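Make the full structure from the sequences, and use the hints.
Chains as they are written, first to last, in this note's numbering: chain A, 1 to 490; chain B, 1001 to 1231.
Calculated directly from the structure, the hints in this document are not laboratory data. Keep in mind that the hints are not guaranteed to be accurate.
Label pairs and their in silico Cβ distance ranges [as the list claims (entries may be wrong)]:
#: 1; chain 1: B; residue 1: HIS1006; chain 2: A; residue 2: HIS261; range: 42 to 50 Å
#: 2; chain 1: A; residue 1: VAL320; chain 2: B; residue 2: ILE1220; range: 23 to 31 Å
#: 3; chain 1: B; residue 1: HIS1006; chain 2: A; residue 2: HIS286; range: 29 to 37 Å
#: 4; chain 1: A; residue 1: LEU470; chain 2: B; residue 2: HIS1006; range: 45 to 53 Å
#: 5; chain 1: B; residue 1: ASP1143; chain 2: A; residue 2: ALA278; range: 52 to 60 Å
#: 6; chain 1: B; residue 1: LYS1105; chain 2: A; residue 2: GLU318; range: 18 to 26 Å
#: 7; chain 1: B; residue 1: ASP1143; chain 2: A; residue 2: ALA299; range: 39 to 47 Å
#: 8; chain 1: A; residue 1: GLU455; chain 2: B; residue 2: ALA1114; range: 36 to 44 Å
#: 9; chain 1: B; residue 1: PRO1060; chain 2: A; residue 2: LEU322; range: 29 to 37 Å
When the alpha-carbon atoms are kept at most 20 Å apart in a straight line, the in silico DMTMM-like pairs for lysine to aspartate or glutamate are as follows [stated by the list, open to error]:
#: 10; chain 1: B; residue 1: LYS1105; chain 2: A; residue 2: ASP297
#: 11; chain 1: B; residue 1: LYS1105; chain 2: B; residue 2: GLU1139
#: 12; chain 1: B; residue 1: LYS1105; chain 2: A; residue 2: GLU298
#: 13; chain 1: B; residue 1: LYS1208; chain 2: B; residue 2: GLU1139
#: 14; chain 1: B; residue 1: LYS1208; chain 2: A; residue 2: ASP354
Some but not every residue of chain A turned toward chain B, in silico, with C-beta under 10 Å [to be verified]:
#: 15; residue: VAL196
#: 16; residue: PHE235
#: 17; residue: VAL238
#: 18; residue: ALA296
#: 19; residue: ASN323
#: 20; residue: GLU331
#: 21; residue: SER335
#: 22; residue: LEU337
#: 23; residue: ARG338
#: 24; residue: SER339
#: 25; residue: LEU359
#: 26; residue: ILE394
#: 27; residue: THR467
#: 28; residue: LEU471
#: 29; residue: PRO474
#: 30; residue: ILE476
Computed from a predicted structure; not experimentally measured. Idealized CB from N, CA, C, for every residue including glycine.
Spelled out from the first residue to the last, the chains are:
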Amino acid sequence: MPLAQHLSLTNIVMLYLVSVMLVAFRFSRGAAIVSSVLSVVAFDFFFVPPKLSFSVSDAQYLVTFAVMLAMALLISNLTYNLRYQVRVATLRERRARSLYEAARELSGAVQTEQIVEIANRNIRGVFQAETAVLLPDLSERIVPPPVTSGTDQKVPALDTAIAQWVFDHQQPAGYGTDTLSASPVYYLPLKAPIRVRGVLALAPSNPRLVFVPEQHRLLETFASQIALALERVHFVHVAQEALMKIESERLRNSLLSAISHDLRTPLTALVGIASTLATGTNLSEHNRRELAQAAADEAMRMSGLVSNLLDMARLQAEGVHLNRQWHVLEEIVGSALRSVGQALAGHEVQVSLDPALPLIYIDSVLIERVLYNLVENAVKYTPSGSTIRITGQIREGSLAVSVTDNGPGLPPHMLESVFEKFTRGERESSTTGVGLGLAICRTIVQAHHGRIWAENVREGGAQFTFTLPLLEPPVIPEQLEIDADKPGQE
Amino acid sequence: MTTSQHVAIVIEDEKQIRRFLRTSLEAEGFAVYEAETGRQGLVEAATRKPDLLILDLGLPDMDGVDVIRDLRTWTELPIIVLSARIEEAGKIDALDAGADDYLTKPFGVGELLARIRVVLRRHGAAPEANNKSEFCFGEVRVDLGNRHVFRAGVEVHLTSTEYRLLGVLIRNAGKVLTHRQLLREVWGPAHVDSSHYLRTYMAHLRQKLESDPAQPNHLITETGVGYRLVE
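See the structure below:
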């Protein structure tokens, strides 16, 4: 043994101890013990004189053997324990991490479907089990999860009756419990502080991963996290519904009061006029005509109100469907003014449009409606003889259209709120209209990605401006000038 | 029934509307026949030799547009369509199917009678009217024979496309023409969807012929539907 010539026996003992430690580190505890004993035997056989024999010349070596064995066993034990601790710590860390990840995802979930998806994904990863989250319907009946496209969980032999029992009794059941343990699926209740929110079903592929105490505690933590998230989403939902209810109640009330005022007034006039015409025997022909004309005017005004109401209802119910085409602003202004028609008789209208305005890509019917409402408003809220100015120009890359009057202007606190539904100017008692006109304008302009706002101009009077984005207009090819007998001029 | 009396058929399912239509038409000297449904209306139209048909687009038994298509297979009789405000598409379909004009509910009798007068005049006009050598609206005088256009006595130069467009409007004066009809007439069937050509040229015509192009008195826009030349 050349080694024996270079190293003292003490160091050889050390080398054996190192090898024992390596074995303990790499292999099982049994292997370490075996290698401890073997190293003592080998040391005796190969190095202790007389060499290549188990006999010992010096009794002193017996002490060496004893201490060497004790040290080897101790080292192997310690090393093995260390390894075990590391493994346990790693596992524990992995559990903590998975829990943390799941909790983080769950806290961001805003919908029940998201929670179910997060729960399934995380639990499947950690417990190697097929899972399902079963939720109750409104009548507290557990419903089977919706059958989704294959990729989602597939728990075999899912039994909603057991799930219902778990939900009702707030106790786990199925595989691994005292209740209905024949089932291959483990059901545990998702308990939140207020109440049970559902049932978690697991079909474990390796039961140890689920029922080892540490894993089981982890599973329970998971379950309560899921339950908390479900409860949170539930209450967010409840709160939203309550808010919406309050809001729609408020809207309904103001709508009802506005309608009952604005529709009943012309109706009262109509009934009065019609009955006067029907029963009044000594009316002059002139009076008769006047009354009939008044009835027609009232009815037309009511028709305008009803149109506004219907428009708003339609825009809100169906959203705004734009039928966009390339238009000339001048034409839209012209047809809007034409629809206001007779009502404009007492006002002066000035239109000044930048001659360089390009074609605009809009829904003409709706933008005409915006202009109509703005002009009609200006007519309604200014004394007769006032001037209404309509201007159109390019401003900061958009088309800006303004309708300006020189009337009393808007009260400063109303500049923003005029665009709310059912808001009307101060002189409401003498002016009809449910206050929907500007709300409709805003809905339409916003659907065109534009802005609308009101301001008072320095010279006095209100100014409503809306912008429409300018897009690259289509070219009109020259060859469309069809050759005719007469040569094109200009 | 005297031979000189005009015959009108009213196809409308609302009783009160039929009633006021009948009253006002009879006051104008029409003999009025009513129909509540499209089928009944078609039968009336085939048997009464009407001069005018007033048709509600929203009928209980069939689409008003189908009534027009059916009628147009055998008669050129003037048809005026009544429609609710929201039905732009219905109006356009009706006009493209061959209706002469439309009225949006609610409408006044004055408006109705004015439209009736226009369609009857257009319809009654003998073919020689098309050979008229001159057409006037507002300050504008169009010399059809020599293709000269004058505004307040001064000649206005129109490009050939502008003149073609004006010509189509003049041939159909008083009638609503849909975008599709105008595009087909002026630019040809390949361009029926290029309504921006039409809008651009219409704007040119207004600039040249209207005293205030933003408040035109003659070249009238029927928003979402088409154009009409009003004398």
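Look at the Cβ atoms of B:PRO1060 and A:LEU322 and judge whether their distance stays inside 29 to 37 Å.
Once the Cβ atoms are compared, 32 Å apart, the range 29 to 37 Å for A:LEU322 and B:PRO1060 holds.
Does the Cβ distance between B:HIS1006 and A:HIS261 fall inside 42 to 50 Å?
About 45 Å separates the Cβ atoms of B:HIS1006 and A:HIS261, which means 42 to 50 Å holds.
A:THR467 as an interface hint toward chain B, with CB separation required under 10 Å
A:THR467 check fails; min Cβ-Cβ to chain B is 19 Å, beyond 10 Å.
Restraint satisfaction for A:LEU471 [CB to CB of chain B, less than 10 Å]
12 Å, violated
Verify the interface restraint on A:ILE476: the C-beta must sit less than 10 Å from at least one C-beta of chain B.
6 Å, holds
Can you verify the interface hint for A:ILE394: is its Cβ closer than 10 Å to any Cβ in chain B?
17 Å, violated
39 to 47 Å was suggested as the range; check whether the CB atoms of B:ASP1143 and A:ALA299 agree with it.
46 Å, holds
May I ask you to test the interface hint for A:PHE235 with respect to chain B, counting a Cβ-Cβ separation under 10 Å as satisfied?
42 Å, violated
Next item in the hint list is A:LEU359. Is there a CB on chain B closer than 10 Å to its CB?
With Cβ-Cβ at 6 Å, under 10 Å, it holds.
Range hint 18 to 26 Å: satisfied by the CB atoms of B:LYS1105 and A:GLU318?
Given range 18 to 26 Å: holds, Cβ gap about 21 Å.
Taking the least C-beta to C-beta distance, is A:ALA296 closer than 10 Å to chain B?
6 Å, holds
Can you tell me whether the CB distance of B:HIS1006 to A:HIS286 sits inside 29 to 37 Å?
31 Å, holds
Checked against the numbered hints given earlier, this structure breaks hints 11, 15, 16, 17, 26, 27, 28; the rest are met.
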